[in-house]
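Work out the full structure, taking the sequences as your base and the hints as a guide.
Number of protein chains: 2
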Amino acid sequence: MIPYRSFLITLLIASSTFITMLVAQEKKIFSLEELIPGGKEYARFAPHIPASYQWYGNRLMVTQNDSVWELVSPAGRCKKKRWLTFSNLTAELALEKQKVSRISFPNEEGGVAIFTTGNGIGTCDPKRKKVLSFFSYPEESANHTLSPSGHHLAYTRANNLFLLDSEGREQAVTNERDRGIVSGQSVHRNEFGIMGGIFWSPNGSRIAFYRMDERMVSNYPLVDASARVAEPNPERYPMAGMASHEVTIGIHDTVNGRTIWLATGEPAAQYLTNIAWGPDGKSLYVAHLNRGQDTMQLVRYNSETGKKELTLFRETHPKYVEPENPVLFVKGDNNRFIWQSERNGYNHLYLYDSEGTLLKQLTDGSWEVTEVIGFDEAGENLFFLSTLPSPIDRHICSVNLRNGRITQHTTLPGMHSAFLSASGRYLIDRYTSANNPGRIDLIDTQTRRITQLAAANDPYSGHPMPSVKIGILKAADGVTDLWYRMVKPADFDPAKRYPVAVYVYGGPHSQMVNNRWRYGSGGWETHMAQKGYIVFVMDNRGTAYRGLSFEQATHRQLGTIEAEDQMKGVEYLRSLPFVDSGRMGIHGWSYGGFMTINMLLRYPDIFKVGVAGGPVVDWKYYEVMYGERYMDTPQENPDGYAQSSLLNRANHLESRLLMIHGDEDPTVVMQHTLQFLKASIKAGTHPDLFIYPGHGHNMMGPDRVHLHEHITRYFEDFIDR
Amino acid sequence: MIPYRSFLITLLIASSTFITMLVAQEKKIFSLEELIPGGKEYARFAPHIPASYQWYGNRLMVTQNDSVWELVSPAGRCKKKRWLTFSNLTAELALEKQKVSRISFPNEEGGVAIFTTGNGIGTCDPKRKKVLSFFSYPEESANHTLSPSGHHLAYTRANNLFLLDSEGREQAVTNERDRGIVSGQSVHRNEFGIMGGIFWSPNGSRIAFYRMDERMVSNYPLVDASARVAEPNPERYPMAGMASHEVTIGIHDTVNGRTIWLATGEPAAQYLTNIAWGPDGKSLYVAHLNRGQDTMQLVRYNSETGKKELTLFRETHPKYVEPENPVLFVKGDNNRFIWQSERNGYNHLYLYDSEGTLLKQLTDGSWEVTEVIGFDEAGENLFFLSTLPSPIDRHICSVNLRNGRITQHTTLPGMHSAFLSASGRYLIDRYTSANNPGRIDLIDTQTRRITQLAAANDPYSGHPMPSVKIGILKAADGVTDLWYRMVKPADFDPAKRYPVAVYVYGGPHSQMVNNRWRYGSGGWETHMAQKGYIVFVMDNRGTAYRGLSFEQATHRQLGTIEAEDQMKGVEYLRSLPFVDSGRMGIHGWSYGGFMTINMLLRYPDIFKVGVAGGPVVDWKYYEVMYGERYMDTPQENPDGYAQSSLLNRANHLESRLLMIHGDEDPTVVMQHTLQFLKASIKAGTHPDLFIYPGHGHNMMGPDRVHLHEHITRYFEDFIDR
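Chains as they are written, first to last, in my numbering: chain A, 1 to 721; chain B, 722 to 1442.
Each hint should be verified, as a subset may be incorrect.
Claimed, not checked - Here are the computed lysine-lysine pairs in the BS3-like style, where the Cα-Cα straight-line distance is at most 30 Å: (1) Lys-761/B to Lys-1209/B; (2) Lys-1403/B to Lys-28/A; (3) Lys-28/A to Lys-496/A; (4) Lys-749/B to Lys-802/B; (5) Lys-749/B to Lys-682/A; (6) Lys-1217/B to Lys-1252/B; (7) Lys-682/A to Lys-1029/B; (8) Lys-802/B to Lys-761/B; (9) Lys-474/A to Lys-496/A; (10) Lys-801/B to Lys-848/B; (11) Lys-1040/B to Lys-1029/B; (12) Lys-818/B to Lys-802/B; (13) Lys-568/A to Lys-319/A; (14) Lys-761/B to Lys-801/B; (15) Lys-851/B to Lys-818/B; (16) Lys-130/A to Lys-81/A; (17) Lys-749/B to Lys-820/B; (18) Lys-531/A to Lys-1003/B; (19) Lys-749/B to Lys-40/A; (20) Lys-97/A to Lys-1040/B; (21) Lys-761/B to Lys-682/A.
No lab work stands behind these hints, which were simulated from the structure alone.
Quick caveat, the model's predicted, so the values are computed rather than measured.
Following this line, the structure appears as structure tokens:
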């Protein structure tokens, strides 16, 4: 797991985008219990739409509380009709302590729907309210993956992969005694778009799975201090430049019980990513990436023999290539697929035939495809989200495969996401924007008619809230535009002088400033502005959605360009008459923790206060996949590692710095913080410290409120000193 | 290792007692680098006498730099004569990188002297300057113990015990493959006076040794974060109420190579302490203490068969008995020995015959024997240190075994220690007192003539130093006298109001306030007084040298009585016109860390600031031997554990509290601090934290300066808030 991903979870929770709560209309100061996810009163003030809209083929369904309704028929008629309730299914299951709590519909008309209970998964015929199959999760099982037919459940227990059939018979797909060999789970620490290790074939008769040999990877000695006597809880953690795990891919046939292995070959130190079945189930597509991450080969394997059939094409880049999306076959077409690539400097869509011949580049320009949504029924139009026309918005677009015409289906600025009906004619559009806490629209792509389905109320409505604005500054290169957001106290008075809290992330794959609700400004920013701070956040070069050269500007020298860009933000702040430049602080988490300390050490006279959570302090302690992509190995790039290491600059610490770490952080391990403390002690400088026992890379739940009290308290303690 | 012992090391370093450095006479403020052991300039300002005085039988010898001189002949004539230099021995050894650096003389006339090099030990004839034997320490060996004859070296490597003979042949005494079985090392975590696991018989032909089976003891997962990837460094740590290690005693015959085992019997969960050979080598004396620590049996074993010969006597106490000293046979008498016991409420000396019959109580009264020095040649007089006449002094006394007459040989108040000449007529008396940084006298016990041999200069002479005074307050019981010391700024002005730093330890086996140099006030106290603080230190009930009921007042309820007593000190401070009771802080380490947090939580409105180092927060996480002595087991005393636990009161934290821990602390494990953080987070309170990576229970070396900067900074940050 890379820092940003973990961080993103936080961010998503922090600015979760839908509401309806009615709010008392008196003016109030919001507390951290109300502003921070996990807080006792958070739910009362988090935007929320208590309904879930889905397509069942071409029917628009909505789930509200216990009930599932059809809203719009395939013919386009509106007739709200209840199909079933969760209680119907629960009653049929007749299980103790297991209530149906969620249902999801297939994209094809009349297919089986999938429901889940607290501890199981099944299929049902929603129209007839009939349970078709149900699997209670076996004890200590995880990674539950239902076969497309609903006849089998695949899952892992400890390090092995198992199957359960509809009669409840368990079958071991793997039987490795050594815990160092792990099957059916995500590999390569969730990089390269990998999110799991189980891949059902289209007809559900076979299962492709990852097998990871971690025995050569060093164990990081995490400790669980909550036991009667603290207990070791080691985790295999491959650090930059060191031995990494080796991955192979198996295919198990549920009919004959046999497993074959793909001949993925040498070197074993390679990344096998973006697994996809061919539509006919006869082949498996795998992207091979070398450990150096500069060469990707897309390979097709025979799924019955495991033999390599063809290397379709290669992509190379002097810095790195980062394939994150598997091939996507054109609907109803076994011979053409879509490939996403940043090869021309931006993430775009390419149409290939199944022999690897490039047929057409489908999208182009200095903008990016950010997510592929899917095809219409005919396979003629491909829908996607994009940064067209502005990198801080996401619009729903489609491209016509034949004529290449691109249509933008959303017009209101904001961050849109989409669910496409089976035919491709209708879209459910969920979106927020700066002043919109959440809306769900139904879009008819033919008539372009937009019907509002639901809207969240602004939970802060009627209260004097800090204002949030965005703007653009030039990067340190003098050319590149950087977006920032600025939060000001509700009673802002330009004649006064305010202290500043800079919030920073700054690492790859991230975008802090965009056109979501309140421009993405979360609860802590509101809290700080209520306390009289100006809050400032800016996306420096090295972050996402701005193209490859923007992202790769930091290659082999993480922390240098980012800091120079952030200083442009600081210079801007210091130029503002209402900013008290003697009272500036900075806070960030993960990569942002790295950036926080980095800024304090590179520019010791700028910030009074810094709070760095889960910080990387030296990339040699970070994991192979992410670390070597941006830094190469310590052996290949000793100068880059030395220059980016905060350990070598611990003597420059003049500000007050609070470091915060979860003592069971499996992502940015505690060794970072411990080593920085050690370096500071040796250098005679004095960081401060806090630890959240039992927590990983982020503090979730009620402790998250404590965390933000603690961060705020530190600002308050020292911003005036 | 108990907290206090570790602490004591610190204390001894901090107030190391001898000097001669000439000091520049300008007035100056001393820095922490000058005041704290490990500081760059500490050696310049630490009292020091660069000479070592010893008896060689009845010759007074002095070692200075490289040379060994005879100062006084056995006949009492003074004639300073050089006997040899370390270089003489080094030259004879002709070893690379090994220089002789220390020599120690036997108490008998003409015996062989023992010298050590950087990595070896040997014997020599000092008069003839001849090396007689030499043993280079084998690689990775430890616990080197030379046989009395000098013909063998015993030592441990990993978990086994080995012998080296004078021809350099190594012999394995034990050969346990399981690291959980440890031989030749200290057992029972250094409680009960145990300091090692190797006991040579008087003639050096046999060796008694401890064997400890730790396989049933839980491993505490210490982590070494200095490795490339942090590495586990587990340590067997028996926590209160849990399985402890089991100890047996072997006797190995160096002549026939055989090992026999003492039939120490069941229950295996017992403490075997105070091992001593009978003078003829035929028997071994062992004190058996039950796990409940309320019954001690002194047992004699046949050293050839290992069979139990006799239980000489028992001692019991409803709270606990704590035997810490082995039998000491009267010189030249195989049938009578001395036994130290607190059985009448104070530690006194008892004379027994070897069948266990009490012949005579040798000392008595409401004072304590604190250390036995030894017998005179005739075995008529036994010398010892005592708290007679005042518990804050240590005087050299002797008791005549026949008539019971006690003679006090030192008259000047202070903390004396003694080396006795072979005849028993002369004493080397090393002592300090409040205004005496260190002196060495020669005492003629017959004529009572005292000759000064050396004196340390006051390193602070000529500089305006904080004043140190002591006084007595009544304990919370209204009856008991408690000693305190108070440090005031050099420019103290009674019309001003000063902030206060209370320093606290408060646990068993300790005495903070006594008549050593500056009444034991160390460098940090000087530093704080220089910064304008009043420093206050008081020994509450539960501490040492005041008799058993004083110590046992806290039994089964650690933290309660101690806190009530400390509050008497606080009340006194608050009554003083020059004390600013709104600006009081408290600091302590180990047991004193426990006391610091304990005080903040029990009396939340007293202290603005607390700094707790290596604190115990719940006695259930502390080790079996020490913990169960004072608290019984958690199973036996659930209420006492609950009431003493700081975890249950984390919600009472209102002051600023800094917790400090070494992340490799094997004594008070990090689990204490982590659990307190967790409890505080849950309770919504906000302690602060610092960790010293790679350090154990105390921070030694240069980091000790950083530690005291950090502690001081915390006081300065928050004392005025």
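Status of the hints after comparison with the structure:
no.: 1; hint: Lys-761/B to Lys-1209/B; in the structure: holds, 26 Å
no.: 2; hint: Lys-1403/B to Lys-28/A; in the structure: holds, 26 Å
no.: 3; hint: Lys-28/A to Lys-496/A; in the structure: holds, 22 Å
no.: 4; hint: Lys-749/B to Lys-802/B; in the structure: violated, 41 Å
no.: 5; hint: Lys-749/B to Lys-682/A; in the structure: holds, 26 Å
no.: 6; hint: Lys-1217/B to Lys-1252/B; in the structure: holds, 14 Å
no.: 7; hint: Lys-682/A to Lys-1029/B; in the structure: violated, 56 Å
no.: 8; hint: Lys-802/B to Lys-761/B; in the structure: violated, 36 Å
no.: 9; hint: Lys-474/A to Lys-496/A; in the structure: holds, 26 Å
no.: 10; hint: Lys-801/B to Lys-848/B; in the structure: holds, 14 Å
no.: 11; hint: Lys-1040/B to Lys-1029/B; in the structure: holds, 28 Å
no.: 12; hint: Lys-818/B to Lys-802/B; in the structure: holds, 29 Å
no.: 13; hint: Lys-568/A to Lys-319/A; in the structure: holds, 26 Å
no.: 14; hint: Lys-761/B to Lys-801/B; in the structure: violated, 36 Å
no.: 15; hint: Lys-851/B to Lys-818/B; in the structure: holds, 20 Å
no.: 16; hint: Lys-130/A to Lys-81/A; in the structure: holds, 18 Å
no.: 17; hint: Lys-749/B to Lys-820/B; in the structure: violated, 39 Å
no.: 18; hint: Lys-531/A to Lys-1003/B; in the structure: violated, 81 Å
no.: 19; hint: Lys-749/B to Lys-40/A; in the structure: violated, 56 Å
no.: 20; hint: Lys-97/A to Lys-1040/B; in the structure: violated, 52 Å
no.: 21; hint: Lys-761/B to Lys-682/A; in the structure: holds, 13 Å
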